[in-house]
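Asks: Chain residues, written in single-letter form:
2 protein chains.
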Amino acid sequence: MINKTRSKTEDIEFDIDNLIPGNSVDCVIFGFENQQLKILLLKWKFSNLWTLPGGFIYKTDDMDSAARRILEERTNLENIFLNQFHTFGNMNRNLLHKAFNEKKLDKNIFYSLDEETRKWISSRFITTGYFAFIDIKSSSPKPDYLSEKCEWFSIDELPNLVYDHNDIIKKALDYIRIQLNYLPVSINLLPHKFTMQQLQKLYEDILKKKLERSNFQRKMLKLGIFIRMEKEYTGSANKAPYLYCIDKPKYIELIKNGIGFTY
Amino acid sequence: MINKTRSKTEDIEFDIDNLIPGNSVDCVIFGFENQQLKILLLKWKFSNLWTLPGGFIYKTDDMDSAARRILEERTNLENIFLNQFHTFGNMNRNLLHKAFNEKKLDKNIFYSLDEETRKWISSRFITTGYFAFIDIKSSSPKPDYLSEKCEWFSIDELPNLVYDHNDIIKKALDYIRIQLNYLPVSINLLPHKFTMQQLQKLYEDILKKKLERSNFQRKMLKLGIFIRMEKEYTGSANKAPYLYCIDKPKYIELIKNGIGFTY
Numbered sequence: 001m002i003n004k005t006r007s008k009t010e011d012i013e014f015d016i017d018n019l020i021p022g023n024s025v026d027c028v029i030f031g032f033e034n035q036q037l038k039i040l041l042l043k044w045k046f047s048n049l050w051t052l053p054g055g056f057i058y059k060t061d062d063m064d065s066a067a068r069r070i071l072e073e074r075t076n077l078e079n080i081f082l083n084q085f086h087t088f089g090n091m092n093r094n095l096l097h098k099a100f101n102e103k104k105l106d107k108n109i110f111y112s113l114d115e116e117t118r119k120w121i122s123s124r125f126i127t128t129g130y131f132a133f134i135d136i137k138s139s140s141p142k143p144d145y146l147s148e149k150c151e152w153f154s155i156d157e158l159p160n161l162v163y164d165h166n167d168i169i170k171k172a173l174d175y176i177r178i179q180l181n182y183l184p185v186s187i188n189l190l191p192h193k194f195t196m197q198q199l200q201k202l203y204e205d206i207l208k209k210k211l212e213r214s215n216f217q218r219k220m221l222k223l224g225i226f227i228r229m230e231k232e233y234t235g236s237a238n239k240a241p242y243l244y245c246i247d248k249p250k251y252i253e254l255i256k257n258g259i260g261f262t263y
Numbered sequence: 001m002i003n004k005t006r007s008k009t010e011d012i013e014f015d016i017d018n019l020i021p022g023n024s025v026d027c028v029i030f031g032f033e034n035q036q037l038k039i040l041l042l043k044w045k046f047s048n049l050w051t052l053p054g055g056f057i058y059k060t061d062d063m064d065s066a067a068r069r070i071l072e073e074r075t076n077l078e079n080i081f082l083n084q085f086h087t088f089g090n091m092n093r094n095l096l097h098k099a100f101n102e103k104k105l106d107k108n109i110f111y112s113l114d115e116e117t118r119k120w121i122s123s124r125f126i127t128t129g130y131f132a133f134i135d136i137k138s139s140s141p142k143p144d145y146l147s148e149k150c151e152w153f154s155i156d157e158l159p160n161l162v163y164d165h166n167d168i169i170k171k172a173l174d175y176i177r178i179q180l181n182y183l184p185v186s187i188n189l190l191p192h193k194f195t196m197q198q199l200q201k202l203y204e205d206i207l208k209k210k211l212e213r214s215n216f217q218r219k220m221l222k223l224g225i226f227i228r229m230e231k232e233y234t235g236s237a238n239k240a241p242y243l244y245c246i247d248k249p250k251y252i253e254l255i256k257n258g259i260g261f262t263y
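Line by line, the protein sequences are chains A and B.
Position 122 (the first sequence) corresponds to 122 in this note's numbering; numbering is contiguous.
Position 77 (the second sequence) corresponds to 77 in this note's numbering; numbering is contiguous.
Any given hint might turn out to be false.
Since the list gives no way to pick one copy over another, a pair counts as held whenever it fits inside one copy or between any two copies.
What the hints assert, rightly or not - As a list, the in silico SDA-like pairs of lysine to any residue whose alpha-carbon atoms are at most 25 Å apart: (1) K45 - S140; (2) K59 - N188; (3) K149 - H192; (4) K59 - S47; (5) K208 - I255; (6) K256 - L207.
Since the hints were derived computationally from the structure, they do not count as laboratory data.
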């Protein structure tokens, strides 16, 4: 990675000579914890605004590599499979003066940047959205140089987000909802052993609707990708629900072929 | 549309002051004719290379509007539903010197452009791909200012394409193949009345595999979106296959809900 620093305020750094102008990437990182679907967000310094982990593309980066690098730098997460889902190119999507006027942004954030950098960063950006499913427990996200906090939020309780980042999250969810019709991708979010109730809650969070228990379980088990684990003998009547794990080879085959309508 | 001309060679025009740098859109336009799936391509002046209809984004354009404008300017097609499918951001995807070295491109194409324009157009571009299904008969495509020809090609007989445009077409087809698992979108490509054989050939072209006739017909008719038309009385034994048309309200409902795995 190139580390030449063009401009510095407090510890905010930009390297505009080595970045391509007008293009950025933003990552929607999903996790599942306490039976809730969550998204990882960063809080910008000098503002009351939260943002998706995102950033710019070096001239020496492919865009996909930039997304992986940004995710790694911002969140300490490596080797995550990122899935590109949509590119956002509305004319006014990231205009800073709009954010200033709406008083969502403290001008301090760019106070001591040199004029060239200020101009560069204030120009129109087209951003490409990527999403990933990760295991919250194995991650240790850290804020980046632009941010003072890094936290997981339930998708039902998102804070104020910069620019069109709410729309970006909505679009990621729309994309995943459609994907669920032919790929059970999101089961990556579950722990190694899980109950059908946990699986159902995850699907309900993504689909944003209540599902009927027995119908859901029947359809899911019919996929043939879950292994039911034997209950451990406890000596007393065992009312605990069955635990399941994923049959990896069968899961991989299903992901390859898809479910639903086949010809 | 802004028409200030910054640079002109023969009749090649660029308006770089009013365009955003580093971003473009490319359109994969599908049609179906003589039982063949086809794609609309333009042939660049001063080269033996073909290209997808594409272009740049004005500072006053949303990216989606730019795609619609470009499609209209290049092909005379209006009010077409364009579907964004992927953004291509590899570092070397459009390097002109690479095309020159591979002798695919005659340097004449940029000979008399001023240096600023040459630099602008030779820089790295990230392009967003859109696709559309159109009725070939009702279209009258024309070459744009960069092109000398505009033709439909069968997807099995594509000519040499610039840059990564072969990959862009491949990605569009991958996207549509997956979509076919839950949405019968491509039936827009069929004429008003069609046979099951025509429908099957269209699906075979998209899926790139032979399908079993009776199984295909059974699955398709089960969707409930086709109306079988009465055969006209000809006085002799009628061996002609049945013609079908689309039940529009049912089709729209199906597109809204999707087929395949429902929860």
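Asks: For each hint, tell me whether it holds in the structure or not.
Replies: Verification of the hints:
{"no.": "1", "hint": "K45 - S140", "result": "within (20 Å within a copy, 54 Å between copies)"}
{"no.": "2", "hint": "K59 - N188", "result": "neither (33 Å within a copy, 41 Å between copies)"}
{"no.": "3", "hint": "K149 - H192", "result": "neither (29 Å within a copy, 58 Å between copies)"}
{"no.": "4", "hint": "K59 - S47", "result": "neither (29 Å within a copy, 28 Å between copies)"}
{"no.": "5", "hint": "K208 - I255", "result": "both (23 Å within a copy, 19 Å between copies)"}
{"no.": "6", "hint": "K256 - L207", "result": "both (22 Å within a copy, 15 Å between copies)"}
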